[in-house]
Each structure stands twice: as C-alpha cells, then as structure tokens.
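Two chains, two frames, some hints: make the complex.
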Amino acid sequence: MRHHIIDMGEAQGQGYVGQALGVTDLLAAVYRDQLRYHPEDPHWPGRDRFLLSIGHYAIALYAALAEAGVLEVEELATYGADESRLPMSGMASYTPGMEISGGSLGHGLPVAVGMALGLRHRGNDALVYNFLSDGELNEGATWEAAMGAAHHGLGNLVAVVDINALQADGPTASVLSVDALVEKWQAFGWHAVRVDGNDIAELLHAFDRLRDCEERQPRVLLCDTTIGKGVPLLENRERAHFMRVDEHEWQIAREQLDGSAR
Amino acid sequence: MTKKRLTTSAMIASFAEEGQRTTAAPFGHALSGLAAQRDEIVGLTADLGKYTDMHIFAESFPARYYQMGMAEQLLFGAAAGMAEVGLVPFASTYSVFATRRAYDSLCLDIAEPGLNVNIVGGLPGLTTGYGPSHQATEDLAILRGVPGLTIVDPCDSVDIEQAVPALADSAGPTYLRLLRGKVPTVLDEYDYRFELGKAAELRSGGDVVLVSSGLMTMRALDAAQKLAEHRVDTAVVHCPTIKPLDTETILRVADSGRMLATLENHSVVGGLAESVASTLVTNNATRGVVPIGLPDEFLAAGALPTLHDRYGLSTDRIVKRVLEELG
Chain S
1 MRHHIIDMGE AQGQGYVGQA LGVTDLLAAV YRDQLRYHPE DPHWPGRDRF LLSIGHYAIA
61 LYAALAEAGV LEVEELATYG ADESRLPMSG MASYTPGMEI SGGSLGHGLP VAVGMALGLR
121 HRGNDALVYN FLSDGELNEG ATWEAAMGAA HHGLGNLVAV VDINALQADG PTASVLSVDA
181 LVEKWQAFGW HAVRVDGNDI AELLHAFDRL RDCEERQPRV LLCDTTIGKG VPLLENRERA
241 HFMRVDEHEW QIAREQLDGS AR
Chain W
1 MTKKRLTTSA MIASFAEEGQ RTTAAPFGHA LSGLAAQRDE IVGLTADLGK YTDMHIFAES
61 FPARYYQMGM AEQLLFGAAA GMAEVGLVPF ASTYSVFATR RAYDSLCLDI AEPGLNVNIV
121 GGLPGLTTGY GPSHQATEDL AILRGVPGLT IVDPCDSVDI EQAVPALADS AGPTYLRLLR
181 GKVPTVLDEY DYRFELGKAA ELRSGGDVVL VSSGLMTMRA LDAAQKLAEH RVDTAVVHCP
241 TIKPLDTETI LRVADSGRML ATLENHSVVG GLAESVASTL VTNNATRGVV PIGLPDEFLA
301 AGALPTLHDR YGLSTDRIVK RVLEELG
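Protein sequence lines, in the order shown, are assigned to chains S and W. Sequential numbering from 1 applies to the first sequence in the working numbering. Sequential numbering from 1 applies to the second sequence in the working numbering.
Only chain W is shown next, with the shape it has when bound in the complex (with noise of 0.2 Å):
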C-alpha cells in the first residue's frame, strides 16, 4: 500500500491525531447554550459564520445572530456599539484579520472603553496551512499590549465549552482563540476545570515542568509521556490565559531546579515564552525558560502534520527539544 499524500491543509484542517476522541463545534454549541439562558448575547461575524463555527448559534439563534459581511472594522464597531446599549457581543472572525486588519477598532472601539464585547479568532498560531495570509503566529504579540483585554488559548472542548460562558461574565473584552471544528477533547480526562486567569497543574513532575497554552497543552502531555520513557519525569501546567496571566503559579513551579519550558501554538516572539520570562525576571525570579514554539519567520503553506514536525510543535519535536536542552 502506497503511503496517503499529504495534501495542503486549509481553513478545515484538523490538528486531531488520528484515533483521538473530538467534539464537533465545541464554541458554537457552547455559545447557543449560553444563548439560551442569557437574552443578551448576539453573535456577529464577518463572512466566516460556517468556518467559526458560528453557524450553530446562527441556527439555533437566527434572529440574535447578525452578519457584517467582509469588512472586520465594521465588525468590531458594530459589537462596540452593541455593547453600549447592553448587549454581550461573541464576534467572530480570523485571528489574522482580527489582528491585523481590524486592530484600531479592537483597541479603540471595544478595549479603551472597557466594552463586554468577546473577540472569537479562528485559525490560530499554525492551525492552517494556507500560509501567512491566514497564519496568525503573532496574534498574542500583537494583543497582549492593548489594555484590559483578557486572552484565552483554550486546549481543546472542554476547555472551550467552560471558557465561552466564562467570557461573558468577565466585564471587560476578551479574545479567544478559537479552535474549531471536531475539536479534540482531552482534558476531561483530568481533574480540571477552566477558571478565567488560572493555570493548572495537570501532571506532576521532578525534572521537567512544561508551561504550555491553547492546542499545545495536549502534545505536553504526551511528550511527557513518552519522556517517562527516558526516564525523565515531567510536569505540565496548563496556562489557558495568557492575559492576566497567572503568576503565581508561574513562581511557584518555576521555583525549583527543574528545567522550565513553556510549550505554545505561536511565535517565540511576544506570547506565553516572553510572558513567562518576563514574570520571572520582574519578581527577581531569574532563572532560564526554553522557549519552545514557533519560529520568528513566515511560515510555509503545506499540510499540518507536516509544517507541525518542521517548525517544532509535534510531540516528537518537543521530546527531542527537551532531550537535547537536558543534554
């Protein structure tokens, strides 16, 4: 049997290992259910309703669920000026445009006066792979500046499905970087709940610990996995908010000999690794972080599993990196 070519992997790519348990349209369902309980929530989007999964609320919500068309300044204006009348906006779109077309209206319109409007930013980090046109590898580096905005990389379903309703609660505006999709679901398989600012010790390790966001937290655990195999003990903490970020969580695993890595779907410049290092040095906690992410380049278009290997986010890689860094 001739091995499957890999094709290019666009906008409905799956980052799903083969065999994983996933949830079909984990936000969009999570939305509508929030939807059904609070009359205030309206879903926008700029023509990317089906591939945010915005669509289930537009299903199940038709009437609260407002198309604004190709035009993402529109987007976050129109949520803006919904949320000053009291509505709780989720507008969705790609990180990319979200990021870099639209980001006078985010800062000006929805952050400067505090807005409840919730930012929804599909294909995050390297989750396509139709190129940097689409590739938003520096949407945290890009955000993390503006004030008062909350920002959640969320690791899978559940992760998703707890953080939508915990967005809406939090006053303020907030980005989520969405994963959409059969999304995997990996994290009910431990004793954790999302909590808005909150890391989580997954796993518990005394060698390695390995601070990872969004879709990285499950490759964590199953390089840790396979780092048991070379005898190495690794710890994971999961770190879904990268704004405000959890700090004293951060301290206290960093608190130890242990070699410190931070695992994430972004560049190395301007996300958790920099958010991370920053922690430490400015509460005098000097001590080095491995940097594992996505290189300060644009990236190649290509397929996933592919481009994944490359630029250093497959399981594989990571355990190579940690091997290598462990000397």
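Same shape as in the complex, but just chain S (with noise of 0.2 Å):
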C-alpha cells in the first residue's frame, strides 16, 4: 500500500503522502481483518460500511481498495488525473468502495449515525466504521454526531479516527487543543480505546477489544500515528500537512520504504 500510495503522488507530485502512509497499517488492518464486503460486488446491500470522512485521505484509501481488490491496481496511475475515477478527494460519485463525498471536515459522523439507524431499522446487521482525522474533532458537528450516537444507542457504528496531531495551520496543539480524548469519548457515551495506530498486532487486538463493551453503546478506536510513516524523510518533514516532495526524492522515498520493510 505504501508503494502505490508513493507511486501515486509522485504522478501528481504532491499531496497527502505523509497523512496516507500514517494510515496505511490502520487501513490494511480495516481492510484486512475487520470489514465485511465483497470487492466485486461494492454496493452489496449487506457490507459494512467504510465512510472516508477525511476526504483528503483519499490516497490512502484507493490504495487499500486496490489491495482489497475493489479497484484494479493499474488504475492507480489515474490518481488526480482528469477523467480519473480516482479525484485527489474522495467522492463517492466516482469511485467504487468510496461511501460518501468527504472532505468538508465534520460530515463523516453525522452520516455514518444515519447510516447505523437506517441499516438497524431495515434489520441489517452490517457496521458502520466512520474513519476522521484529529482536525475533525474542532468540528461540532462531529460532537452533535457524538451525542447523537450515544442517545441512540448504535452499537453498530465504529468511529476510527486519525490523530497525527498536526492539520493546515499547524500542530493540533496550538490550533485547537483536542487534550484529554479517551475521557472526552468516553463522558460522551462511547467505549473509548487508544492505541498506537502504526503497531498491526496493537490495532488487531484493539479492535478485537472494541467488542467487550455494551450491545448499545457506540465505539471509537483512538490511532495515534506518525505523518509520512516508513519513510524516514519523510517522518521528519516540517510542514508535513501538504506535503511538498521534490522529484528527486520520491525515488529516496521509495528505496527509504524498501529499506524499512527488510
């Protein structure tokens, strides 16, 4: 996953690389181990659903969709490109496995909620993952979300949610504090989990976890992940939120990647 997410920003030349490779080990381990769906049939009515709020992670997610076998690996090469069902943001409307149109922050939660009540009042068992950044919790709609959640009772909906502790202006930490997340969740009605969302064997046993609380009671898997994770130049970029890469240096990037998967 991380080669084609490389592969697909050095096409573009820019983009969210550093956020995409913090996720890759959250997403294989969705993709992998968590999700129900079918990649050859992606609007098979009982899939779980997979809302990428976080529309700017759309590279992460194409390449987990490509590994899923929901998308042809050779499409990647389409990443931003006109015509391509592959926009630089995720949208639904174009992309087989994408579930909504993300990217104004702050929406992923509130549909993902609608989406939990809808499929348990046709009977439906499938879950609903909403996947959000850090950033997104500065939104309120993200919290109206929270309550709105809890108050109903869905046990069918898994909030995961990014933080690299880092969005446009700066640090999360001098933009807006989000401090104290677990008990934030958890004084919100959630059964709260935080976990290192760059260690595979960590994040299986969370979400294996994440079944031990009550049938009603939503969940949120809390990743804590480093920017541009398994390319050390890239780790330790400043300005890492719109990362800029000189040509030169996604051919590094990827022998960097080489060296740390040996």
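Hints may be right or wrong, so weigh each one.
Said to hold, decoys possible - A few chain S residues that face chain W, going by a derived Cβ cut-off under 8 Å, partial list only:
1) 36
2) 93
3) 101
4) 107
5) 111
6) 144
7) 172
8) 176
Derived by calculation from the structure, the hints in this document are not laboratory data. From the three backbone atoms N, C-alpha and C, an ideal C-beta is built for every residue, glycine too.
The following block contains the structure:
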C-alpha cells in the first residue's frame, strides 16, 4: 500500500502523502481483518460501510481498495488525472468502494449515525465505520453526532480517529487542543480505546477489544499515527500537512520504504 | 370596547385571517397518511417536532420517528445516511436553521449525492414576529443556488397535503416551506391540483397578472377581488414550485401588455421575483416585473398582522401597490 501511495504521489507531484503513509497500517487492519465486503460487488447491501470522512486521505483509501481487490492496481496510475475515477479528494459518485463524498470536515460522523440508524431500522446487521481525523474533532458537528450516536444506542457504529497531531495551520495542540480524548469520548457515552495506530498487532487486538463493550454503545478507536510512517525522509519533514516532495525525492522515498520493510 | 392589543407573534403564530377556514397540522397528517402506505418513510427533527407538526407523525409511527436534538448538522447528515440505505426521510427544523446553520450539510451530504431527503422548514419568510433569529426571509435566496434541489412554497393546507406525497415520489432532495398549526384552506375552492414543477392560473384577468407563491397566493386572490372594485381585472398565477420554475407558464402569462407583479413571503432579493425576472431576461422576453415581497432588511419583532402590513405583505398594501404602479 505504501508503494502505491508513493507512486500516486509522484504522478501528481503532491498530496496528503504523509497522512496516507501514517494510516496505512490502520487501513490494512481494517480491510484485511475487520470489514465485511465483496470486492466484486461494492454495493452489496450486507457490506460493512467504511466512510472516509477525511476526503483528502483518498490516496490512502485508493491504495487499500486496490489491495482489497475493489480497484485494479493499474487504475491507481490515473490518480488525480482528468477524467479519472480517483480524484484527489474522495467522491462517492466517482469511486467504487467510496461510500460518501468527504472533504468538508465534520460531515462523516453525522452521516454514519444516519446509516447506522437506517441499517438497524431495516434489520441489517452490517457495521458502519467512520474514519475521521483529530482535526475533525475541532468541528462541532462531530460532537453533535457523538451525542446522537450514544443517545440512539448505536452499537453498530465504530469511529476510527487518526491522531497525527497536525492540521492545516500547524500542530493540533497550537491550533485547537483536543486533549483528554479518551475521557471526552467516554463522557459522550462511547466506549473508547486509544492505541498506537502504526502497530498492527496492537491495532488488531484493539479492534477485538472494541467488542467488549455494551451492545448498544458506540465505540471509538483513537489511533496515534506518525505522518510519513515508513519513509524516514518524510517522517522528519516540517510542514508535513500538505507535503511538498521534490522530484528526486520520490525515488529516495521508495528506497527508504524498501529499506524499512527489510 | 377597547381594541384588542396585539402581542408579539411568536413561534405558534397563525397568519390565518379571522374567520378563515383552516385545517390543523396538514403536514403532520399528510406525512402520516403517506407513511401508512410506504414503509420506507421516516421522520426526523431537531428538537422541533411539536413546532413543525412532526409530532402527528411521531404519535402515529413512533418507531419511525427519530429525534436528533438541537443539532441541525446531525439532522441533515443522519437524514442523508438513512437515505443512503434506502429510507425516505423527512427532516424538519425551522427554515433559518436549515439554511443558515446547516447549509453545508444540506448541500454536501444531501444534495451533492442527489439523495431523496425531504427538508421541511418551519417559519419561512415572515411567519413569526420573533425577530431575525427566527425569520427566514432569505431561505429561497440561499437554497436556489443548490444544484438539483426542488423547492416548494405551498399556499395552504390543500397544497401541503398534495405536495408531501409528490416530494416523496421525486427522486432527489427537496425543501418544503412549511406552514404549520392551523393552516388556511383556500385552494379547494378552485379547480386546482398541486403538481410538482407546475404553476396554475387560479383566476384570469386582462389588466394585471399576479404571479405568487406560498401564503401570498391567498393574499393575491383577496387582492384581485378588491382590485375588481377599482375596475382592475386581475389574474392570479400560483407558482408553488420555486425551483425548478415553470418557465413555460411564466413566459406565457408574461406575453401580454398586462402589468406583471410577483408576490412572495420572502425578501425581494433572490426569491420568486428574481427567478421570474431572470426567466424573462434569459428567454429574451425583456419586460418589467413589480416585485412585491419583503424589503432587503432584517425585519422587526412584533405582531404578525402589524408586520405584514408594515412590510407590504397585507392585502391592503398589495392593492395599494398595484394601483400605484398602474398610475
């Protein structure tokens, strides 16, 4: 997946490559171990829904969808190009496996609440996952939805939060602090678990632990991730939110990735 | 006997004239009637069930009623999510909150994917004396720009009863300007049926044509009667669908020397008047339109009859304005 991300990033010469590398382990855990879906039938009604609230992370989800067999790997080469089904920000109408058009932050969790309510209403036991970022916790709509999910007892809803501690204007701590996250979610009535989002074993264990809560309680997995994970050159870059990568650096990134994999 | 002192008309205010026939909660009853036939109809509200007549539906179908609390972004996001899994939601709040507060949710969660979510906005235009926090005098101006959104401004209980199933049947998103509580019943006296996207000529006349939407249609009908006493022969064309506008009918009725006026319970900026004007101009039917509507101002608080008269929506003010324009 990380190779796909580097390849797509190079094709466009830019993008949210750092965040994407940071959440690769998380998406791998979700698509390999957690989600129920039929890759050949992305609209199968029984599928678990995975909502990419953070539309700008689309580059990461495309890589995951390719590995999951929903997209052909060759199609990733069209990322961000005119007429491509893979726009830089995730759009449901463009891409198989993309459940919503995210991008305006704070929208995902409210929609996820409606899907979870609607699926339960229809007797469908599929789960709804909403993937959001720590920056989205600035948005009031997220907390409206957090309240609503607990109020309606949505045990079929799982929020997954990427905590990379960085947003557009700088470190989250300097933009708008979102401290005491586990306590915040718990106070909103959720079952909350915080983990290292780059440790696959810990992630898998954490997803399993999410089932240890009350049946009608929504659950949230708070994942600390490292921007640029797997590529030291990018991990240590300042101004990592919208990453500028020089032309010659893509190959270095690729080599570092191969090195770290060994 | 001293004259009854008028008090501020708040959220339960009625704009029905004294002695006018009314029907209680037509939206709530229409939605319940529809839900009895269609399992996928669900109702949502944002702490305004009782004030948007949604409580009628809630009593009939408690398992299909979802209270979202005072959280309009959640209301629209959740309605979108429900529509994504095959339900047909009606989501109610006040028009001001639907438009000003939750516009991004309405736009991106509901309209962009083209979902069949039906938004029901209470207190449209000037139907409360509570002041600008609750007066949605610019809801049409805000929403007309949303691609694919159908906008309906019904006149009375007859319109609402017939519009509700039509909105559910229309595949994309809709916005209904809700008249709530004891809603006047007027259009049953005319040979009229609500048809989505269509305007209806309720009355013909050779001197003036009034194109009206919403509650202003009943005022237009009253004004036409009074204008007859001044020997002014007035046609009334009711245009309940603001978007898409029935351009064919507009162009037809504008194709004469008659004075053309629009009447709307909305600011003269961005609503029916500008819709009609732009239809005329873009179809090379350049001519003048007299825009009768609310001024481009934040309005005062007070009693509704006082405010309607002050801001030009009362029948007397309409008659006066038409006579002035005729010179």
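Which numbered conditions among the earlier hints are violated in the structure presented, ordered from lowest to highest?
1, 7 and 8
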